[in-house]
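S.K.: If you want the building blocks of each chain, they are given just below.
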Amino acid sequence: MRCGDFKESYLEDEKIFQTWFVKFWLGLLLVCLLLFPLLADAYMLYIANIIGFAIIGAVGLNLLTGFTGQISLGHAAFVGVGGYATAILMTRLDLPFWVALPIAGLVTAGVGMVIGIPSLRVKGLYLVIATLAAQFILEYVFMHWESMTRGIRGINVPPPRIGGFVFDTERSFYFITLILVFLGVAFARNLVRTKWGRAFVAIRDRDLAAEIMGINLFRYKLAAFAVSSFYAGIAGGLWVAFMKIVTPEHFPFSLSIQYLAMVIVGGLGTVLGSIFGAVFMTLVPELLNVLTGATKYLFPGMDQLFIPLKEVIFGVLIVSFLIFEPHGLAEIWNRTKNFFTLWPFSY
Amino acid sequence: MRGTRLATALLVLLSGVLAFSPALAQEIKVGAVQPITGRFAFAGVNINAGLEDALMIANEEGGINGKKITYIMEDGQYQLDVATAAFKRIMSRDNPLIMYGESTGLGKAMSPEIKDRYKILYSSTSFSGELADKASNPYIFVPGPTYADMIGILLKYIAKEKPDAKIAFFYSDTEFGKDPIPYGREMCKKLKLDLVAEEVAAVGAVDVTSQVLDLKRKGPDYVIFQGYVTSPVAEVMKQCKDFGMKCKFMGTFWGATKTLLDNLGPLAEGYLAVNPYMYWSDENVPMIKKIRAYTQKKYPKVTYRDNSYMQGFMTGLIFVECLRVADKAGQLNGEGLVKALQSLKDFDSGGLSAPFTIKDNKFPVARIWKANVEKKIYEPVSDWMRLDD
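Protein sequence lines, in the order shown, are assigned to chains A and B. Residue 0 is where the first sequence starts when you use numbering that gives the first Met the number 0, and the numbers rise one by one after that. Residue 0 is where the second sequence starts when you use numbering that gives the first Met the number 0, and the numbers rise one by one after that.
Please note: incorrect hints may appear among the correct ones.
Taking lysine-lysine and the DSSO-like style, the derived pairs with C-alpha atoms no more than 27 Å apart in a straight line are [claimed, not checked]:
hint	chain 1	residue 1	chain 2	residue 2
1	A	Lys243	B	Lys114
2	A	Lys243	B	Lys177
3	B	Lys118	B	Lys155
4	B	Lys191	A	Lys243
5	B	Lys177	B	Lys66
6	B	Lys155	A	Lys243
Where chain A lies over chain B, by a calculated footprint (3+ residues, C-beta under 8 Å) [what the hints assert, rightly or not]:
hint	stretch
7	193 to 199
8	241 to 255
Since the hints were made in silico from the structure, they are not lab data. Yeah, the Cβ is synthetic: ideal placement off N, Cα and C, and Gly gets one too.
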C-alpha cells in the first residue's frame, strides 16, 4: 500500500510518472489500447479513431486556451486547414500521407500564427471575436477557392499506405491514430514543463507581469498559436485521410465550440483534461444516441419524443459538471485518486 | 430420469433454435440514418415516416417473396460526424442490404466505402447530381430528378410558355443552393433563354433589399429559387411585389412544400414549383389513397403528409422493387440490387409519380405545379415532363 511519496529534489517533483504504481497502470492502459482492435467491431473502432482525432485537437486547443489563456473560436477552421492541406498535398503533389501530414501541420501552424497576430493587441472576449472571424474567413476560403479546394464538391483522398499495406479500415487506421495521440500527448505533457510551457502559463496568469519578467509576449503568444494550430492541422489531416474525403461541411463553427467545450469540460490547463474532455464529448453523445435509440423498442411510437431528448440530457450533463466541478473532469479524477490514496485508512 | 429430462429440454431448445435460425435468415434489413433532430428535422421526420411506411406496407402485403423487411433507423442530427457514426454503427451491428442517408454530405463522405467496402444499395434525402453518377457511384441512386434536372424541367416549361423569357436564379450560398446552377446556365443557353441575373442570399436572410433592387433593374420574367425552404422566399416575393414587378416565382423540390404555401399566404398567387411526386391532396391517385388509408389506420392523429414524406415513400417503393427483382434472381446482395435498379423500366408506383425509368442512377421526370392560394394546395399545370424527350 502507498502511504505517501516523498520527493527529495525538484527534478523528482517534475517527473511525469511519479511512482511505479502510475507506471503500472499506464502500462496496462497501453496494453488494453493495443488489444482493443482485436476485440472491437468496426463501429467501436470508428468511435475510437474519432476520439483520437478529438484528443489531438483538444490537446492543441488546451495549449492555447488552457495554458496560454488565449481563447480561440477558430479551432475547427485550423483543423480544416490541416485537412485541406493534407488532401491537396496528397492529390496535387502526389505526396505520401506520411510526408503530407507533417507539412500540413506546418502549414496550419503558419496560418495559426497569422490569425494569432491580433492576440498581441486584443485580449479576452475581443480575441474570441477575432478568432471567430478567422473561422468564417477560412470556411469561406474552403468553399470558394474552387481551383484549390474544389469548393463544395470536396476532394477525395487516397488512404495512407506503407509499401503494399493500405490503411483503409478503421482497424488499421486505429494504430496510426494511437501512435499520433501518444506522440501528441507526450509532447504536450513535456512542453508544459519546459521554459516555453512556463512562459505560456505566465502569460495566461498575467501577461503584463510576464512581460516585465522578460517574457517576449510576441514570440510566446505566436508560438502558442503555432503549436496549437499544428495539433489542429494534424487532427484535420488524420480525419481527412480516415474519411477519404474532405468537404467544407466537415469543419463547421459548431465544431469549434465543441473543441472549446472539450477543454472546458475536461479541465483547462491540464493535458489529461483534454483527453477526458475529448472522450466525454465524443462518447457521451454516442451513448445517449444508443440509449435513446433503444427507448423506441420499449416505448414504440415515442421515438420522436425521446430522440431529441438526448440533446437536453447532454446539455444538463455539461452544466452539472461545470457546477459541481468547475475545474473539469481532470479535477474530479484527481479527487477520486486522492480519495483512494490512503484508502481504506484515510483520516 | 432427471438427466433424460434435461437432455430432452436441451434438445427441444436446440431444435427450436435451429428451426428459428432460418427464419432469422429470411429477414431483410434496411438501415437508415435520418435527420430526426437538427435543422433538417422538419423534413427528416416526414421522410423517415414515408420510408418506414412504404416498407411496412410491403411487409403487410407479404414482404419480399415471403421475407420480412426490418427497418433500422438511427438519428444523424444532420451533422456529418454524428451521421457517419450512426452509419457505421448500423453497418457493423446489423449489416443491412440497403442504407438510407440523411444528407448530401453523408452520401459523399460514405461514397468511397459504399463502393469499395460495403457494396450496398444506397439512397438519401439528397437530390444532388453528384451522387447520381453511375460511373463513380454505382450503388447510389437519387429517387427522382436531381436538382439540376428540376431546374432543367422548369426551364423547359418556361421555354414552352414564353420563348426568349428573361430568367433570374436566386440561390443560397450552400452546396444545396449551388448544385444545379452551372447546369442551369448551360440549359438557358441551350433553350435560348436569357439569364439576366443571378442573386445569392444566405438561407434565412432577412435583408434582401440589394438583391431585389438588382432584380428590379434587370427585370426578369421568371425568378427561380434554389437552396431555400421558406425564408427568405417570402421576403423576396413581397418586396418584388411592392416594387410592382410582374415576374413569376418558381421553386424546386424543397420549395414545393405546403409549409411554404402556409408561410407565403396570399403572396403565393402564381407561384410555381417542380415536384416529381403527387401530393396528399391528389386523392384520386391509387397510391395516395393507399397512403391515406394506411396513415389513418396507423397514425389516426396525422391529417397531412408533405412532399418530403412522398419522397421517402417513393424511395421505399424503389427499395422494395429492387429487393423483389434481386430476390427472384436469387442474388439478394449489393450486386444483385444494383442490377435490379438498372433494370427498372416504366416502374409503376401506383401513380405516385410518372412511370420511373432509370437513367444514370436517377429518374429525371417531374411536373410543374401551381399554388392554389384558397385551398393551400398545389395543382398540376403540366403533364409529367422528362428531360430527355
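S.K.: Give a verdict on every hint.
M.R.: Status of the hints after comparison with the structure:
{"no.": "1", "hint": "A/Lys243 with B/Lys114", "verdict": "holds (13 Å)"}
{"no.": "2", "hint": "A/Lys243 with B/Lys177", "verdict": "holds (23 Å)"}
{"no.": "3", "hint": "B/Lys118 with B/Lys155", "verdict": "violated (37 Å)"}
{"no.": "4", "hint": "B/Lys191 with A/Lys243", "verdict": "violated (41 Å)"}
{"no.": "5", "hint": "B/Lys177 with B/Lys66", "verdict": "violated (42 Å)"}
{"no.": "6", "hint": "B/Lys155 with A/Lys243", "verdict": "violated (38 Å)"}
{"no.": "7", "hint": "193 to 199", "verdict": "violated (count 0)"}
{"no.": "8", "hint": "241 to 255", "verdict": "violated (count 0)"}
Comparing the model with each earlier hint shows violations of hints 3, 4, 5, 6, 7 and 8; every other hint is respected.
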